[in-house]
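Residue numbers (my numbering), protein chains in the order written: chain R, 1 to 179; chain Y, 180 to 404.
Heads up, a few of these hints could be off.
[Stated by the list, open to error] Pulled from the structure, derived: some chain Y residues nowhere near chain R, Cβ distances all over 12 angstroms:
hint : residue
1    : D218
2    : Y227
3    : F255
4    : S288
5    : L300
6    : K310
7    : V320
8    : G335
9    : T350
10   : S358
11   : N393
[Said to hold, decoys possible] Here are the simulated lysine to aspartate or glutamate pairs, EDC-like style, with alpha carbons at most 16 angstroms apart:
hint : chain 1 : residue 1 : chain 2 : residue 2
12   : Y       : K257      : Y       : E345
13   : Y       : K263      : Y       : D342
14   : R       : K21       : R       : D83
15   : R       : K120      : Y       : D254
16   : R       : K120      : Y       : E206
17   : Y       : K263      : Y       : E290
For the record, the hints were derived by calculation from the structure and aren't laboratory data.
Every residue gets a Cβ at the ideal spot worked out from N, C-alpha and C, and that includes glycine.
Each chain is listed here by its residues.
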Amino acid sequence: MSFDSIFDFLPGYHVSHGPIKYLLILFLILVLLATLRIQPGQRTLALRRLALLGFLAFAFVAVLFPQFVTSVANAVGVGRGTDLLLYLLVVVVFANMASSYRRRAEIDQKIVGLSRALAKQNPFPPGTLRTEDISELTYLADSVDPATPLKPNSAIEPEDFPPPTAPKEEATQFPPVAD
Amino acid sequence: MREYFTDTWIVIPLFNEQQVIGSVVSEVLQTFPNVVCIDDGSSDSSAYAASAAGAYVLRHPINLGQGAALQTGIDFVKEQTDAKYLITFDADGQHRVEDAVRMHDRAESEELAIVFGSRFLGAPVECGTLKRVALQAAAAVTRWRGGLQLTDTHNGLRLLRRDAFEQINLTQFRMAHASEIIKQISDLKLPYAEESVHIRYSDYSRAKGQSAWNSINIFTELLFK
């Protein structure tokens, strides 16, 4: 049984004969592999630029000589040039989805790291969040006593910052003795 | 005489719970003196209420998700305190302090690194059928995959000893952290146990996201993991 007959039971499987199926599957596998292990760096950037140049060259030729696309399509077993473009578009859409998903995940991690750093830099000991009117912009300013003007960086002494163990020391005194 | 668990920090991820967080914090503080709330970008006055009630408050400038808030709290306890135990606690008042006390005592007496709360070990649970089925399916799949032998994998009440919480690093910052934390603990090969806890399903917590939609989320999470 040849590879080509595996999906014979599917209606329409044999509508188009030719290498297009193998080429598209190959494209998809390449896209999958590329998204699985992308090494950010100069090589990726260079490849991306080369791909873009190749795509532009193809686009110019396709615009100037529409018949060229049809002959390429025929060569890989697709009837019309427009159909070939549609198939390629599908591949490009999937590649784009994969790469933008990966990029969004990276950005999300950076945002989490940034927010966490801000949160840890500025712990509010009990009772020090003084305003009930909390907006996104006041989350840092709240911890600064409005009566105390901000010092320039050069004037800040180490004791201006609570030592790392401060929360624990204070907390062991909790709760205050009632009597 | 009351006991004060000074070796323990309670970590409460907090997002828009201004109605209940004050009373939750005060109740916890009667037993556990160290409470830190991680305000996950609440748009109400949750952070203020928690601070006024006597908790340390760390504030995410924007909403990131419960997993991210938990990890921020874990980082804080790891870096800024010398706590021996960390207990994660939900902000909506569904957990009971006496359950946390029992988990702490059990960790001490049995030298456990992790104690998970489980609502399915003791008395019948007062929650909807769909939710119960979803939760028990999630636990069954975890067991079947060779993970930890748990009956409730989505319980917000957990105790972690320092050697455990120092090695936890949650990257799933939305709801999938429940499975992630179990996966990481499973990899640590530390002694663990499950303790029966009671979940107080109030009208408030029911309205707040204990809905059937959450069960669907738990199911889909199982499929796409």
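Beyond 12 angstroms from chain R, beta-carbon-wise, is Y227(Y)? 5 angstroms, violated
Measure nothing beyond the straight line between the CA atoms of K21(R) and D83(R); if it is 16 angstroms or shorter, mark the hint as holding. Judged against 16 angstroms, a Cα distance of about 13 angstroms means the pair holds.
Cβ separation check - T350(Y) to all of chain R, threshold 12 angstroms: 7 angstroms, violated
Could you check that no beta carbon of chain R comes within 12 angstroms of the beta carbon of V320(Y)? 24 angstroms, holds
Does G335(Y) sit more than 12 angstroms from chain R, CB to CB? Holds, because the least Cβ-Cβ distance between G335(Y) and chain R comes to about 20 angstroms, which exceeds 12 angstroms.
Can the restraint linking K263(Y) and E290(Y) be considered satisfied, given a maximum Cα separation of 16 angstroms? 12 angstroms, holds
Confirm or reject: K310(Y) is not an interface residue toward chain R, with every Cβ-Cβ distance exceeding 12 angstroms. The assertion about K310(Y) holds, with a minimum of 28 angstroms to chain R.
Once the closest CB in chain R is found, is it more than 12 angstroms from N393(Y)? 22 angstroms, holds
Does F255(Y) really sit off the interface, with its C-beta more than 12 angstroms from all C-beta atoms of chain R? 6 angstroms, violated
Does D218(Y) really sit off the interface, with its C-beta more than 12 angstroms from all C-beta atoms of chain R? With a cut-off of 12 angstroms, D218(Y) comes too close to chain R, as the shortest Cβ separation is near 8 angstroms.
Is the straight-line distance between the alpha-carbon of K263(Y) and that of D342(Y) 16 angstroms or less? Distance of about 9 angstroms is within 16 angstroms: holds.
Measure nothing beyond the straight line between the CA atoms of K120(R) and D254(Y); if it is 16 angstroms or shorter, mark the hint as holding. 8 angstroms, holds
Going through the hint list in order, the structure does not satisfy hints 1, 2, 3, 9, 16.
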